[in-house]
Amino acid sequence: MLRTSDLPGAALQESVPKESRPTLQARTFNCMGTVISLTLPSASGEDELVAATAVVERLFAGLDETFSLYRPESEASRLARAEIKLPDTSEDMRRLYADAVGWRLATEGAFNPERPDGVLDLSGIVKGHAIQEAGTSLLALGLRGFCLNAGGDVLVSGSPGSSSVVPAGVAPGSREPWRAGIVDPEDRRTLIAGYRLGGQAGAKLALATSGSAERGDHIWTAGAGSLLRTGSAASVFRQVSVAAADIVTADVLATAIVAGGLPMLDRATDGWDIEVLAVRAGGELLATPGFRR
Amino acid sequence: MRIRAAVSAALASAGILLAGWQSGTFVEDTGSAAASTSAGTAGAGSSGSSTAGSAGAGAAAKAGGTYAGSVVKTRFGAVQVQITVKAGSITDVEALQLTDDDRKSIQISNRAAPLLRAEVLAAQSADVQTIGGATVTSDAYLNSLQAAIDAANL
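Protein chains in written order, with the numbering used here: chain A, 1 to 293; chain B, 1 to 154.
Be careful, since some hints might not be right.
If you only want the chain B side, here are some residues facing chain A, beta carbon under 8 Å, derived [said to hold, decoys possible]:
| hint | residue |
| --- | --- |
| 1 | Gln80 |
| 2 | Thr84 |
| 3 | Ala87 |
| 4 | Asp92 |
| 5 | Glu94 |
| 6 | Ile131 |
| 7 | Ser144 |
Read the hints as simulated data drawn from the structure, not as lab findings.
Using N, Cα and C, we set each Cβ at its ideal position, and we do this for glycine too.
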């Protein structure tokens with residue numbers, strides 16, 4: 001558990017009257033090199049939040065133990081060193097590999113689980129998969145309203161107001177969405193756009209963002225002959241956000257668009273029911289209608 | 001062109017409304033039984049449903065009403081339009097159906113286009129409940145907006 005009470009940014013909360021926002025409670029933990037935050041409506045009760053966070057943390061930790069290339073003894077690391085062969089790996093590994101190869105096919109190679117040097121790297125799909133599994137577990141626990149944020153990738157269910165405590169100006173039982181902000185890649189202290197997740201039937205529940213200069217995104221330009229990240233190579237996009245019905249689709253397509261550039265952006269909006277906000281290298285924006293005012 | 005279209009729409013509508021009236025087709029909740037075709041779907045021939053503004057079918061064609069055209073296959077997928085006629089003029093044209101299975105029309109309406117920062121959905125950091133962004137490291141999290149939001153809810 002991180003202590004975040006004396007952060008520089010904490011002050012900004014004070015400018016907002018408490019009663020104007022739904023009362024929420026959050027817990028965070030460290031995993032996969034980032035911080036995962038689980039937020040529930042306060043009405044769920046603290047015990048429920050503690051129990052739910054424990055379930056999510058266990059799930060993330062389990063997947064990290066298997067898939068992390070930063071752990072020398074993980075199954076993924078042993079596979080990378082060719083100490084074991086793919087058919088001999090765990091069911092989780094084989095299933096995620098199959099998923100990743102399916103995505104490579106669907107994105108015509110823009111999403112690729114194999115590094116140019118031949119090492120299998122499922123990092124591009126593991127976090128999305130972990131979020132998805134966590135979301136399934138939270139629903140199974142009976143939680144209806146939650147927001148799970150893993151290092152900037154978000155999955156929600158229900159509404160922040162799905163509680164007995166109804167914020168001012170919102171009718172009881174209303175299907176209020178979760179309000180997500182997307183950071184400006186030029187200045188991570190400001191937001192470049194907003195997007196509403198969940199709330200009502202048919203609304204998108206997942207928002208994933210990939211950048212071309214971030215550690216952990218493991219993106220390389222499709223067809224590149226070296227291990228250069230797109231940030232230092234030819235990516236036309238500085239940052240790509242994708243909203244979709246599920247987090248794996250959002251995450252994989254955001255990664256694929258950063259790697260595959262404009263052609264992949266058009267293929268993605270053509271072939272999937274998604275909304276995209278892309279920030280070009282020069283700071284200009286491209287967006288689908290869902291991101292327009 | 002617009003006047004011709006309106007006139008032919010009204011005429012076609014009237015004729016087919018009459019035919020519909022005679023065949024006694026039941027349409028939706030207006031109580032008026034009718035079938036019509038719109039000017040935009042010339043040559044399609046088949047009939048769509050109509051929700052006339054008033055009960056009398058013949059009167060509706062003159063006074064106006066809403067008419068759905070037949071479904072036409074185009075290279076972008078199935079297209080169906082609905083027109084609103086008032087006093088013999090088309091006042092509104094609306095697409096009822098752009099596609100079923102063909103994704104081409106989604107491509108047209110949903111392609112990402114350039115826009116200015118002032119044109120995107122805006123958000124203030126104090127007004128959001130979660131922050132999306134490219135993966136932040138555990139260290140970077142400490143100074144992130146998400147950390148501020150979490151801190152307020154911890």
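- Message: Taking the earlier hints as the rules, which of them does this structure contradict?
- Response: 1, 2, 3, 4 and 5
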